[in-house]
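Trainee: With the hints as constraints, model all of the structure from the sequences given.
2 protein chains.
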Amino acid sequence: MLPGSTNVPNRVMSAMLAPIINHRGDDFRVLYKAIVEKTQQVFQTNGEIILLTTSGTGAVEASVINIIKKGDKVIIPVNGEFGTRLADLIDSWGGQAIRIKAPFGENPPFEKIEEAADQNKDVKAIYAVYNETSTGTTLRYMDRIGKLCSRNGAFFIADAVSILGGDELPVDKWNIDICVTASQKALAAPPGVSPMSISSRAKKHMQSNPPPTQYLNLKRYFKYYEENFETPFTPALSLFYAFNEALDMVLEEGIDERIKRHKICAEAFYAGLYTMGLTPFAKPDAQSNVVIAVNYLPGMEDKKFRGLLSEQFKVLVAGGFGDLKGKVFRVGSMGEVNRYHVMRTLSSIASAINILGLKANPEATSVALEKMKPLQ
Amino acid sequence: MLPGSTNVPNRVMSAMLAPIINHRGDDFRVLYKAIVEKTQQVFQTNGEIILLTTSGTGAVEASVINIIKKGDKVIIPVNGEFGTRLADLIDSWGGQAIRIKAPFGENPPFEKIEEAADQNKDVKAIYAVYNETSTGTTLRYMDRIGKLCSRNGAFFIADAVSILGGDELPVDKWNIDICVTASQKALAAPPGVSPMSISSRAKKHMQSNPPPTQYLNLKRYFKYYEENFETPFTPALSLFYAFNEALDMVLEEGIDERIKRHKICAEAFYAGLYTMGLTPFAKPDAQSNVVIAVNYLPGMEDKKFRGLLSEQFKVLVAGGFGDLKGKVFRVGSMGEVNRYHVMRTLSSIASAINILGLKANPEATSVALEKMKPLQ
Chain A
29 MLPGSTNVPN RVMSAMLAPI INHRGDDFRV LYKAIVEKTQ QVFQTNGEII
79 LLTTSGTGAV EASVINIIKK GDKVIIPVNG EFGTRLADLI DSWGGQAIRI
129 KAPFGENPPF EKIEEAADQN KDVKAIYAVY NETSTGTTLR YMDRIGKLCS
179 RNGAFFIADA VSILGGDELP VDKWNIDICV TASQKALAAP PGVSPMSISS
229 RAKKHMQSNP PPTQYLNLKR YFKYYEENFE TPFTPALSLF YAFNEALDMV
279 LEEGIDERIK RHKICAEAFY AGLYTMGLTP FAKPDAQSNV VIAVNYLPGM
329 EDKKFRGLLS EQFKVLVAGG FGDLKGKVFR VGSMGEVNRY HVMRTLSSIA
379 SAINILGLKA NPEATSVALE KMKPLQ
Chain B
29 MLPGSTNVPN RVMSAMLAPI INHRGDDFRV LYKAIVEKTQ QVFQTNGEII
79 LLTTSGTGAV EASVINIIKK GDKVIIPVNG EFGTRLADLI DSWGGQAIRI
129 KAPFGENPPF EKIEEAADQN KDVKAIYAVY NETSTGTTLR YMDRIGKLCS
179 RNGAFFIADA VSILGGDELP VDKWNIDICV TASQKALAAP PGVSPMSISS
229 RAKKHMQSNP PPTQYLNLKR YFKYYEENFE TPFTPALSLF YAFNEALDMV
279 LEEGIDERIK RHKICAEAFY AGLYTMGLTP FAKPDAQSNV VIAVNYLPGM
329 EDKKFRGLLS EQFKVLVAGG FGDLKGKVFR VGSMGEVNRY HVMRTLSSIA
379 SAINILGLKA NPEATSVALE KMKPLQ
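Chains as they are written, first to last, in this note's numbering: chain A, 29 to 404; chain B, 29 to 404.
Since the hints were made in silico from the structure, they are not lab data. Note that the Cβ used here is the ideal one computed from N, Cα and C, for glycine as well. Incorrect hints may have been included.
Below, a sample of chain A positions facing chain B; criterion: calculated Cβ distance under 7 Å [what the hints assert, rightly or not]:
1) S33
2) V36
3) M44
4) S83
5) T85
6) E89
7) S120
8) W121
9) P136
10) Q242
11) Y243
12) N256
13) T262
Mentor: Here is the structure:
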């Protein structure tokens, strides 16, 4: 139950065993073209798709170094570790990040972003981390940022690494120029490939202003795909096979159904945890449907609690990042997550709390079960 | 028989099915530490080891952006596609590449490199592509470049992507500060992870001069490894499992035995091809033991010849790169290559030549077999 890498279905794992083929041959081209087309469906976009052999960070970095030049102004909401990292990268790359901050666990009011855009008419782009994995918050006004960007001509770049496939994200409808995700989160494939979508105006910009590097230089990816349906550098073939299979599973389930399943599981988690006596770290209007960060009660020591869960119940949850270390634990509710994951995780948490000598309200699982009726 | 990605043994493929675990947990730390230690043995180094989730190009780029600053002079032999690419990257990143050129198929005389070093006492580094995959040549004076660098204080960086594990490469003995390879070549693992070794003085330099990016910023990798035996960003876990297994196979065979096997297979290939009436593209003193580039005879049309090999014999060989397109074919003789690969490939080539209406000398396979006696 980690917030990525998530569990990978056997069907997807087995796909990795397909033969190692020539990545400059027709069999690969057919595979890559199929992946691109399915990814477009999952991203709900007609834009370009690029698959990088990197973690999500690599693709997020590509979204910076292919857009931002020295002195470019960027607006970015910052309310957690990943927003901080991204803003720092923009600055160190030579851009000027205008940080719209909020306390961790909350989203900055949209009006503050609007205000910053009004005061900086020359802003090149707005970057937004859609789901802050470090705090379990989701930015609930991505559509409004999209509208703002189409009004003022800025690029809109979404870091959707930990959420795409687990919550609403109609890329074209929300006017997102670059949307970045990773294989190992809500799409439930093994880690190592990171897909991104790129609008035609962002593509045009990238083609005329490529960065002084090679590996994350997207101009090269466009060229190789247009000419031959290939990648410029050797792709992680086995992971491409797996990702292709994972996309099939997403499309077989249906994107709307998948998002609904994530929402229901998250609601059950939140309701069960509340009943148990635990509170989410995120404020109600910012709570994520894919990563649930939970405040520790006094007497719940991080290492001991997570050790109990892991050793006695084989349930893995993550600890807190940076300042939140020791203060919260984080449950990934993404990818393959379903009724029995929620039930098993909640009952294990309740038992661990009892073992620690605290009292968990025993009604937690019934409350969660009730919430999940639509899944039955 | 491609010059990478090469065939991957089933044992290595199956290793990818191991469970997706937390890359911030102890099980991963044990795995990563084991990989690092085995990679040190295979590289014959006591230096640091970093495993990137990228293709070889990503690791080569890391060797540039973590060392080279604006205006830094670099000497680099250029006699093929990969040398050209690397020199271009150095320039576009802000360095000044002093290219020591030779016609493709030949190595520039070592004296020219020495001369350039004498004329540029302030040279920051010498970069060398040890094996030029595009032309089938190997630089046979890496040890001398190492000595030159230790005399003048320059860093010595070896792009050994297509050769490490298939030919001599004692990293510390040859005074190599950064050695870069990739999983899918002579080490016979699936593509997507690229290991590199880093000397202590190169490490020190990198730590005080990190690049303005994140994903290939090696300072972060040092920090995460030192503190926790972790990678800073999500690793391609399944490929790490596979690479670990591939390292076991290398060490079980023994590095010297493995290099000997590659040498014998290459000699058999060259002898067989000569007998058949074909000539290698590379000059004798530059011929590679891992990639064999062969000149087409008049009447051997690239697509038709390789199509025949692929469709009728299930033997995949690569075409030429850039200017060599249509002029040569390239055989990968690396990784798992053994007697029967050589025999099957040579006899298929001979048959394809006959089908094309030319005459291949039928003694080619006996000549090759004779050469491979030491393997029997």
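Trainee: Grab the minimum C-beta distance from M44 of chain A to chain B and call the hint holds if it beats 7 Å, violated otherwise.
Mentor: Nearest chain B Cβ about 5 Å off; hint holds.
Trainee: A closest beta-carbon separation below 7 Å is what the hint needs, so does T85 of chain A meet it against chain B?
Mentor: T85 of chain A check passes; min Cβ-Cβ to chain B is 4 Å, inside 7 Å.
Trainee: Next item in the hint list is S120 of chain A. Is there a CB on chain B closer than 7 Å to its CB?
Mentor: holds (4 Å)
Trainee: Let's test the interface hint: is any C-beta of chain B closer than 7 Å to that of E89 of chain A?
Mentor: Holds - the Cβ of E89 of chain A comes within 7 Å of chain B, reaching about 5 Å at its closest.
Trainee: Should the interface hint for Y243 of chain A be scored as holding, given a Cβ-Cβ cut-off of 7 Å against chain B?
Mentor: With a closest approach of 4 Å, the Y243 of chain A hint holds.
Trainee: Given N256 of chain A as an interface hint, is its Cβ closer than 7 Å to any Cβ of chain B?
Mentor: Given a least distance of 13 Å, the restraint on N256 of chain A is violated.
Trainee: With a cut-off of 7 Å, does the beta carbon of W121 of chain A approach a beta carbon of chain B closely enough for the hint to hold?
Mentor: holds (5 Å)
Trainee: Under the criterion of a CB-CB separation shorter than 7 Å, is P136 of chain A in contact with chain B as hinted?
Mentor: violated (23 Å)
Trainee: Q242 of chain A was flagged as interface toward chain B. Is the shortest Cβ-Cβ separation under 7 Å?
Mentor: Constraint on Q242 of chain A satisfied, holds at 5 Å.
Trainee: Let me know if the C-beta of V36 of chain A comes in closer than 7 Å to any C-beta of chain B, holds or violated.
Mentor: Nearest chain B Cβ about 5 Å off; hint holds.
Trainee: How about S83 of chain A: closest beta carbon in chain B under 7 Å, or not?
Mentor: Where the cut-off is 7 Å and the nearest Cβ of chain B is about 4 Å from S83 of chain A, the hint holds.
Trainee: Under 7 Å, Cβ to Cβ, is where S33 of chain A needs to be relative to chain B, so tell me if that hint holds or is violated.
Mentor: With a closest approach of 5 Å, the S33 of chain A hint holds.
Checked against the numbered hints above, the structure breaks hints 9, 12 and satisfies the rest.
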